[in-house]
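Visitor: Produce the complete structure using the sequences and hints provided.
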Amino acid sequence: MKRWLKHLDPRRSLRAEIGLASGAIVLLLSTALSFYAAEASRQQIEQREGSSFVRRAQNALDVLDRGMYERSREIRNAARLDEMRDPGVAVARKRELMERLQTNFDAYAWIGFCDTNGIGLVGTGGYLEGKNLSKRPWCTEGRKGDYIGDVHDAMLLAKLLPNPSGETFYLVDVASPVFDHQNNLLGVLCGHIYWSWASEALDSKRTPGQDIFLLSRDGKVLSGDAPAWSEFDQLAPEMMRHHRAGNQTGYHIERFSDGKTYLVGHASSTGYRDYTGFGWMTVVREDVTTAFAPARALQRHILIAGALGGLFFAWLSWLMAGRIALPIRRISLAADRIATGDLKYAVPSQPGDDEVAHLSRAIHEMVASLTGEIAQRRAAEAGLQLAAKVFGQSNEAIMITDAENRIVQVNAAFTRITGYQSEEVLGHNPRLLSSGRQSPQFYHGMWQQLLSNNRWRGEIWNRRKSGEVFPEWLSISNVTDA
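If you read the sequence shown in my numbering, its first letter stands for residue 54, the second for the next number, and so on.
In case anyone wonders, no lab produced these hints; they're calculated from the structure.
The structure displayed is predicted, hence computed values, not measured ones.
Misleading hints may appear alongside valid ones.
Straight-line alpha carbon distances no greater than 25 angstroms define the calculated BS3-like cross-link-like pairs of lysine-lysine that follow [as the list claims (entries may be wrong)]:
1) Lys212 - Lys197
2) Lys212 - Lys184
3) Lys258 - Lys273
4) Lys258 - Lys313
Listed next, with one range per pair, are the computed distances between beta-carbon atoms [unchecked claim]:
5) Asp233 - Ser269: 20 to 26 angstroms
6) Gly511 - Arg459: 56 to 62 angstroms
7) Leu214 - Asn170: 23 to 29 angstroms
Heads up, the beta-carbon is just placed ideally off N, CA and C, and yes, glycines get one too.
Guide: Below, the structure is given as structure tokens:
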């Protein structure tokens, strides 16, 4: 275990230093890139989801606008039929036509015809026949041309039509004037449509987990999971401010009054063909946790993939670091062996011209030079040992002086012949042996010959420590460093 930890210590392993440094850089880069890619992908998907919510709101609104247009066209076409334009056609025949039209689209609550005075002449199921309908907007406006009325209470029909649930129901109106063949106004043909039709149409566009609201021009709830005619400002004030600022379509994230945060897309009606619309607005919402689940999942996948990729490339960096450090490690081992004195250990040769190759060749040359120098020193040491042996065992008195002509060493024969112990003469000038028998000219000539020939030989009289003068054959040689 300690061995492995040693390999991982960057202070003790070049491979660990390179591998950990490059691996850390790779991990940091891959992590940063992963976070950037994950965040960019998340934003892109959230933007795409928001745009899709706007399209869903537009599609839901388009179903309603098209439906209102189709109902208006049905009533307009029915008003142009001969049965309606001919005053002589029996009421029963007209009622049969209206009931057939009602059967084709079961969202019709009632279809009826009133004269120019607003008196109901014909109605499906016989409802409102003979009633004064002149105060109804569809009756007064329908005389002027095609008319589509916004959502309203059932009023007169609320007491006549079947209502098993007992809840208040609402209607929308479509009406068209009826003219005879001489283009004289006969009255108004009107169709009342159950507002539940709009809720069913919206439900058909709703996917699980989503809510769709239909709002009036002034922001009242016409359909959706909220009390009818309640103010949508109470649910999503930020979205309503966004809408009133003139943004007909858009999406954003908002915390609703129920405490949950939703992704909200909205779109406003602009009508369809000659139906100008009522300014209705559809709102599609979904809890952000669900709406952005794909974005969060992709973000996690990118981060996981980035982490795995970073680890993989960090592992590759470790392998490459090992490959890079291997020659240096071999050279280091060789240097350790050489440091212990094993000069015969072969320094690994590294091909190429890079720094490692230069280092390998330099160490190899250094070892070769060191080996040669050691061999020379050993030879010199052997010579010195031999000289020392000769110096010590010679029967001739030998002394060695330095460049200042001071005695630095004498042999045993010198001590025996002169009577001086080595400590008595070391550091002194050889003239302490002078007997005084040779003239200054003799010594001057001796030194001149030494300077010119590096050696002198001859007979000389010296004096022992006891004062005894004795002759000796003297050989003097200069010793140089080269």
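Visitor: Could you run down the list of hints and mark each one as holding or not?
Guide: Hint by hint, here is what the structure shows:
no.	hint	result
1	Lys212 - Lys197	29 angstroms, violated
2	Lys212 - Lys184	14 angstroms, holds
3	Lys258 - Lys273	21 angstroms, holds
4	Lys258 - Lys313	22 angstroms, holds
5	Asp233 - Ser269: 20 to 26 angstroms	38 angstroms, violated
6	Gly511 - Arg459: 56 to 62 angstroms	23 angstroms, violated
7	Leu214 - Asn170: 23 to 29 angstroms	24 angstroms, holds
Comparing the model with each earlier hint shows violations of hints 1, 5, 6; every other hint is respected.
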